[in-house]
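Note that the protein sequences, when read in sequence, are chains R, Y, H and B. Each residue of the first sequence is one higher than the one before, counting from 56 in our numbering. Each residue of the second sequence is one higher than the one before, counting from 56 in our numbering. Each residue of the third sequence is one higher than the one before, counting from 56 in our numbering. Each residue of the fourth sequence is one higher than the one before, counting from 56 in our numbering.
No wet-lab data here; the hints were simulated from the structure. Keep in mind that a hint or two might mislead.
Note that identical chains are pooled: a pair holds if it fits in a single copy or bridges any two copies.
Once the Cα atoms are required to be at most 16 Å apart in a straight line, the calculated EDC-like pairs of lysine to aspartate or glutamate come out as [as the list claims (entries may be wrong)]: (1) K73 - D107; (2) K61 - D173; (3) K73 - E177; (4) K73 - D173.
Number of protein chains: 4
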Amino acid sequence: METSQKQAFKAISLATEKAALMGVDANIAILDTTGYLKAFSRMDNAFLGSIDIALGKAKTAMLFRMNSEAVGQFLAPEAAAYGMVNTSGGLVGFKGGMPVRSAGEIVAYIGVSGGSPDQDFEIARAGSQL
Amino acid sequence: METSQKQAFKAISLATEKAALMGVDANIAILDTTGYLKAFSRMDNAFLGSIDIALGKAKTAMLFRMNSEAVGQFLAPEAAAYGMVNTSGGLVGFKGGMPVRSAGEIVAYIGVSGGSPDQDFEIARAGSQL
Amino acid sequence: METSQKQAFKAISLATEKAALMGVDANIAILDTTGYLKAFSRMDNAFLGSIDIALGKAKTAMLFRMNSEAVGQFLAPEAAAYGMVNTSGGLVGFKGGMPVRSAGEIVAYIGVSGGSPDQDFEIARAGSQL
Amino acid sequence: METSQKQAFKAISLATEKAALMGVDANIAILDTTGYLKAFSRMDNAFLGSIDIALGKAKTAMLFRMNSEAVGQFLAPEAAAYGMVNTSGGLVGFKGGMPVRSAGEIVAYIGVSGGSPDQDFEIARAGSQL
Numbered sequence: 056m057e058t059s060q061k062q063a064f065k066a067i068s069l070a071t072e073k074a075a076l077m078g079v080d081a082n083i084a085i086l087d088t089t090g091y092l093k094a095f096s097r098m099d100n101a102f103l104g105s106i107d108i109a110l111g112k113a114k115t116a117m118l119f120r121m122n123s124e125a126v127g128q129f130l131a132p133e134a135a136a137y138g139m140v141n142t143s144g145g146l147v148g149f150k151g152g153m154p155v156r157s158a159g160e161i162v163a164y165i166g167v168s169g170g171s172p173d174q175d176f177e178i179a180r181a182g183s184q185l
Numbered sequence: 056m057e058t059s060q061k062q063a064f065k066a067i068s069l070a071t072e073k074a075a076l077m078g079v080d081a082n083i084a085i086l087d088t089t090g091y092l093k094a095f096s097r098m099d100n101a102f103l104g105s106i107d108i109a110l111g112k113a114k115t116a117m118l119f120r121m122n123s124e125a126v127g128q129f130l131a132p133e134a135a136a137y138g139m140v141n142t143s144g145g146l147v148g149f150k151g152g153m154p155v156r157s158a159g160e161i162v163a164y165i166g167v168s169g170g171s172p173d174q175d176f177e178i179a180r181a182g183s184q185l
Numbered sequence: 056m057e058t059s060q061k062q063a064f065k066a067i068s069l070a071t072e073k074a075a076l077m078g079v080d081a082n083i084a085i086l087d088t089t090g091y092l093k094a095f096s097r098m099d100n101a102f103l104g105s106i107d108i109a110l111g112k113a114k115t116a117m118l119f120r121m122n123s124e125a126v127g128q129f130l131a132p133e134a135a136a137y138g139m140v141n142t143s144g145g146l147v148g149f150k151g152g153m154p155v156r157s158a159g160e161i162v163a164y165i166g167v168s169g170g171s172p173d174q175d176f177e178i179a180r181a182g183s184q185l
Numbered sequence: 056m057e058t059s060q061k062q063a064f065k066a067i068s069l070a071t072e073k074a075a076l077m078g079v080d081a082n083i084a085i086l087d088t089t090g091y092l093k094a095f096s097r098m099d100n101a102f103l104g105s106i107d108i109a110l111g112k113a114k115t116a117m118l119f120r121m122n123s124e125a126v127g128q129f130l131a132p133e134a135a136a137y138g139m140v141n142t143s144g145g146l147v148g149f150k151g152g153m154p155v156r157s158a159g160e161i162v163a164y165i166g167v168s169g170g171s172p173d174q175d176f177e178i179a180r181a182g183s184q185l
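Next comes chain R alone, as it looks inside the complex (with noise of 0.2 Å):
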């Protein structure tokens, strides 16, 4: 499904809007369903290296249709997948990026970096439905 830049921009809203309330300064990345840079937002003095970490974020759960930190599962060194995390450009697994639905379809992916792992994930989860 294609997502629409009206929904890029409702899910960068609802997850900015939470991001403030947290006071946390956010990168927020939202890429359509098969990992094309769709709508980017990246908050007053939020980290210069979290733009590239909400991006890989938003990507990783797209690659696998799942959260990233889902993901990170199978990029812990118990899994024993050596080499993994560097496919497909390099896997970002931990908590921030996961799909945004609508109507219970997938229609995008979003990934937050700014705050801690916790913070990101409820700052994404905020711009998830729309």
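For this one, chain R is given, so just place chains Y, H and B on it according to the hints.
Frame of chain R; chains Y, H and B shown alone:
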């Protein structure tokens, strides 16, 4: 000068409005004054190949603090600046990238791709004065 | 629209048949409508250098939803789109890449390399109508 | 020994049949004995992130002429082969990559990704004896 999220989204909004009026499906990238992604929007139906071109035009404008087509003058074969096109990860030297100014000062860079170079220029210009 | 495995192999089969008739050892790549590899076949004795050309032609056609040689018009020196050839990881703008249609709709992209550009075009065309 | 197209497609066909029986949507890559892509098939609904993993497993098996998980023994943290995982553009050292043999001789390498490592192994094994 740090680009604010407010400025970035105002630039995207102005450029999007112009693109819609012109009937062009554009990718619009806003980079801060040191080239980091601040905001991005892909209009529905815009070419996927134009995502990277929009980013490249804005980056090229930022790297030399001038319009992307002005940098292009140095990239033309007759300019004999061999290899310059490949520097900084790749320059994109045609119309659609330029500084964004507020009160005369550069506050960001905008890159647009989706229509003809002349159309992209008009759309970028619409977002270049805040 | 998602490309089916059945469609991808039908396209490869049609193109391979044509290549064999023409006496060309071709590489044939099928990408889905957003550029992910769906199927690939290298005929015996085909040039190793043509693997990446076939993939690049299909990707280039996909990125701009047109034949690879149509994108090539923008890459010609006189078009002055300096640096465009390097965007999206590198474009390949000559004959051999095009959309694959079924019932008029684009369902995939095909890229062929191994013969002359005109031969590659004929082979790709043979696989472009399902 | 050069991999023939006929061998490559037989391997893909055998592996696909096994994957279908197991209910796994797999990416299946066949590389020749020097690592060049010979044939590829992505089953419908297979993870996009598994494309690169399938290619990586086959490449890893080829580079050391052994199963990908055997290479993985050298990549485990306790093996202390620091940085080896990043060599040759990135190794992928878990189950799913192995040599393809015909009459006892290695004629190609197969890489499979889409299910669990154990499932990928079974699918690859089905395609590894021609």
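Evaluation of the provided hints:
no.	hint	in the structure
1	K73 - D107	neither (21 Å within a copy, 30 Å between copies)
2	K61 - D173	neither (27 Å within a copy, 26 Å between copies)
3	K73 - E177	within (8 Å within a copy, 35 Å between copies)
4	K73 - D173	within (13 Å within a copy, 39 Å between copies)
Violated hints, listed in ascending order, are 1 and 2; each of the other numbered hints is respected by the structure.
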